[in-house]
Amino acid sequence: MNALALVPAVTFPAAAPDADGHRSIAGGALAVVILLFLVVAAIGFLASRWRTSPEERGLHSLDEWGLGGRGFGSWVTWFLLGGDLYTAYTFVAVPAAMWATGAVSGFFAVPYTIVLYPIVFLLMSRLWSVSRSHGYVTPADFVGGRYGSRWLSTAIAVTGIVATMPYIALQLVGMKAVLTVLGLGSGSNSFVNDLPLVIAFVVLAAYTYTGGLRAPALIAVVKDLLIYLAIVVAVLYLPGKFGGWGSIFDAADAKLSTTNPATHKPAGAVIPGVTSFNAYWTLALGSAMALFMYPHSITGVLATKSRNTIRRNAVVLPLYSLMLGFLALLGYVAIKAGTMPVDTDGKINAQLVVPQLFLDSFPSWFAGVALAAIAIGALVPAAIMSIAASNLFTRNIYRDLIKPDVTPRTEAKISKLVSLLVKVGALVFVLGMDQSSAINLQLLGGIWILQTFPAIVAGLYTRWFNKWALLVGWAAGMVFGTIAAYDVVNPATGKHFGGSIAAIPWSHTTVYIGVTAFALNAVVATLGTLVLRAFKVRDTADSTRSTDYEVDEDDMRVQPVPEELRTELS
Numbered sequence: 014m015n016a017l018a019l020v021p022a023v024t025f026p027a028a029a030p031d032a033d034g035h036r037s038i039a040g041g042a043l044a045v046v047i048l049l050f051l052v053v054a055a056i057g058f059l060a061s062r063w064r065t066s067p068e069e070r071g072l073h074s075l076d077e078w079g080l081g082g083r084g085f086g087s088w089v090t091w092f093l094l095g096g097d098l099y100t101a102y103t104f105v106a107v108p109a110a111m112w113a114t115g116a117v118s119g120f121f122a123v124p125y126t127i128v129l130y131p132i133v134f135l136l137m138s139r140l141w142s143v144s145r146s147h148g149y150v151t152p153a154d155f156v157g158g159r160y161g162s163r164w165l166s167t168a169i170a171v172t173g174i175v176a177t178m179p180y181i182a183l184q185l186v187g188m189k190a191v192l193t194v195l196g197l198g199s200g201s202n203s204f205v206n207d208l209p210l211v212i213a214f215v216v217l218a219a220y221t222y223t224g225g226l227r228a229p230a231l232i233a234v235v236k237d238l239l240i241y242l243a244i245v246v247a248v249l250y251l252p253g254k255f256g257g258w259g260s261i262f263d264a265a266d267a268k269l270s271t272t273n274p275a276t277h278k279p280a281g282a283v284i285p286g287v288t289s290f291n292a293y294w295t296l297a298l299g300s301a302m303a304l305f306m307y308p309h310s311i312t313g314v315l316a317t318k319s320r321n322t323i324r325r326n327a328v329v330l331p332l333y334s335l336m337l338g339f340l341a342l343l344g345y346v347a348i349k350a351g352t353m354p355v356d357t358d359g360k361i362n363a364q365l366v367v368p369q370l371f372l373d374s375f376p377s378w379f380a381g382v383a384l385a386a387i388a389i390g391a392l393v394p395a396a397i398m399s400i401a402a403s404n405l406f407t408r409n410i411y412r413d414l415i416k417p418d419v420t421p422r423t424e425a426k427i428s429k430l431v432s433l434l435v436k437v438g439a440l441v442f443v444l445g446m447d448q449s450s451a452i453n454l455q456l457l458g459g460i461w462i463l464q465t466f467p468a469i470v471a472g473l474y475t476r477w478f479n480k481w482a483l484l485v486g487w488a489a490g491m492v493f494g495t496i497a498a499y500d501v502v503n504p505a506t507g508k509h510f511g512g513s514i515a516a517i518p519w520s521h522t523t524v525y526i527g528v529t530a531f532a533l534n535a536v537v538a539t540l541g542t543l544v545l546r547a548f549k550v551r552d553t554a555d556s557t558r559s560t561d562y563e564v565d566e567d568d569m570r571v572q573p574v575p576e577e578l579r580t581e582l583s
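Just so we're aligned, residue 14 is where the sequence shown starts under the working numbering, counting upward by one.
Everything labelled a hint here was simulated from the structure, so no lab data went into it. Virtual Cβ for every residue (Gly too), placed ideally from N, Cα, C. Any given hint might turn out to be false.
[Claimed, not checked] Restricting the straight-line Cα-Cα distance to at most 25 Å, the calculated cross-link-like pairs of lysine-lysine (PhoX-like) are:
1) Lys278 - Lys360
2) Lys268 - Lys278
3) Lys360 - Lys268
4) Lys426 - Lys416
5) Lys508 - Lys360
6) Lys254 - Lys268
7) Lys508 - Lys278
[As the list claims (entries may be wrong)] The following label-pair restraints were derived from C-beta to C-beta distances:
8) Gly259 - Arg476: 54 to 60 Å
9) Thr271 - Gly148: 30 to 36 Å
10) Val175 - Gly86: 31 to 37 Å
11) Asp266 - Ser556: 53 to 59 Å
12) Leu48 - Asn321: 35 to 41 Å
13) Leu51 - Gly86: 23 to 29 Å
14) Asp567 - Ala219: 45 to 51 Å
15) Asp567 - Leu135: 20 to 26 Å
16) Thr423 - Gly286: 42 to 48 Å
17) Trp88 - Thr560: 25 to 31 Å
18) Phe290 - Pro417: 25 to 31 Å
19) Asp266 - Gly148: 53 to 59 Å
When you get a sec, could you build the whole thing from the sequences and use the hints?
Printed below as a string of structure tokens:
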């Protein structure tokens, strides 16, 4: 069936803002959003019963609660990783960046996700094997076992927690954009304005607490189907509505070529110029290297049934990159459509572009489906991120530093409670601070998490590096990256942490700060190891074996998983 036939060729300006940002409530779209939210909430609460026996209800171990029983098959993993990596903020921010500044800050996400999957194919299957062999739940567990260093594993754990927190907050920013466009943020009572967001995250916290990783795994299926439907229909219908892709690119070029009064330079570019090439490719490469260092990405990997499940998904997940490319181009479509993303304060907020475009261009029921997909897209990654952060705290701070003899049941209880605190912290952050702070901290989080790459990835292939050299390299990368990011000033606002692109020290070549910090990290770790070896400084023992990195689900060296959980959850 032709998707164009499903959508009338008229516009629907429901909840269009006035000059001050005040909106009427888009009742039809809001009703659809509420209905779909109730559906996924029910799925989330039922998840605790999915493939669990009555005596296992309650999920009393981190393997059960935090990793879904380590039994997800190919289909569930595909939706879970897709829901984990392509978040609500992705669907809001990528086209918003295209609308505001063009390809350098927006379209880089497409090659970055393409570069990502060979990294997944090569690295994550080895991490899965060694983690299954030793019962590791977090990347810091692996680092601690590989290098025998509590200091290094604690550094990896703290970095993961700190980098994940603003990422969770950004999911709220994405959901808040949807609620604003629906007309729920325009009242004078701030409590009433924030109440829908609070309710949504209370429900999220409740079903994550009861269902663990099973909840976002099931919800991800609904979320991704809705996203695919919304984007396919939009890409087929909107270009014809607004004069074709040629007209759309001409409008985008005209807008982005205008001079920005704050910088006295063009606002952006449809195609990156020569001076932007280094920033473009380093941002894509560095982001690809960083993404699977995030705890939530590794959590999705460790929840799979087998190493081949990971490899199969690395082959087919690029389909999401195709969808992301189409999504990014909606930013240019919004330029041609004349979409005005006016926030509740009357100012332009690029984050509202895609929600406003859908609301302006489609009937209310379909706009509701698209907006629900974005809102639900916040629930899946936020749940996984909070689970991953709480697992890090429980395993690598509470167990390793506070109570080494903690039982698996107590570990699960602690992790459940910490996951609630993580969500509350993110909610308070978003409600109490402006969203630019969350964006800046997430940019900084990407730089930070990349500094865990040498310890984790090198450890998957070699034990050559000294643990102290890796720790010093990590510290050097963290300090340099933080200072360099602080020195980037937003020309429009005058605030620090205004971006993640800066010149390499003592040069005029601008690149992604995370890559420069990573290079410093790697050099310090290498030189430090050489020096320590020259002085014959003894290193600690490695608790892993070379054969641990190749085992699969049926290998006798794998720690046993209950038989009923070995059934593929698909």
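So, going through the hints one by one against the coordinates:
Restraint check for Lys278 and Lys360: the C-alpha separation of about 22 Å stays at or below 25 Å, so the hint holds. Restraint check for Lys268 and Lys278: the C-alpha separation of about 13 Å stays at or below 25 Å, so the hint holds. For the hint pairing Lys360 with Lys268, the CA-to-CA distance comes to about 18 Å; that is within 25 Å, so the pair holds. Proximity of Lys426 to Lys416 is assessed by CA-CA distance (about 14 Å); at most 25 Å being required, the pair is judged to hold.
For the given pair, Lys508 sits about 18 Å from Lys360 by alpha-carbon distance, which is consistent with the 25 Å threshold. The straight-line distance between the Cα atoms of Lys254 and Lys268 is roughly 19 Å, inside the 25 Å bound, and the hint therefore holds. For the proposed pair Lys508 and Lys278, the alpha carbon gap of about 19 Å is at most 25 Å, so the pair holds. At about 56 Å, the beta-carbon gap between Gly259 and Arg476 stays in the expected band of 54 to 60 Å.
Hint check: Thr271 to Gly148, Cβ distance near 58 Å, so the stated range 30 to 36 Å is violated. At roughly 33 Å, the beta-carbon separation of Val175 and Gly86 lies within the given 31 to 37 Å, and the hint holds. Between Asp266 and Ser556 the beta carbon distance is about 57 Å. The supplied range of 53 to 59 Å therefore holds. Between Leu48 and Asn321 the CB atoms are about 38 Å apart, so this pair conforms to the stated range of 35 to 41 Å.
Our hint of 23 to 29 Å for Leu51 and Gly86 holds, since their Cβ atoms are close to 28 Å apart. Take Asp567 and Ala219: their Cβ atoms lie about 37 Å apart, and the range 45 to 51 Å is violated. With their beta carbons about 22 Å apart, Asp567 and Leu135 fall inside the hinted range of 20 to 26 Å. Checking the proposed 42 to 48 Å range against Thr423 and Gly286 shows it is violated: the Cβ atoms sit about 57 Å from each other.
Roughly 30 Å separates the CB atoms of Trp88 and Thr560, a value that falls within the hinted 25 to 31 Å. In this structure, Phe290 and Pro417 break the distance hint of 25 to 31 Å, their C-beta atoms being roughly 51 Å apart. At about 55 Å, the CB distance of Asp266 to Gly148 agrees with the hint of 53 to 59 Å.
Hint violations for this structure: numbers 9, 14, 16 and 18, all remaining hints satisfied.
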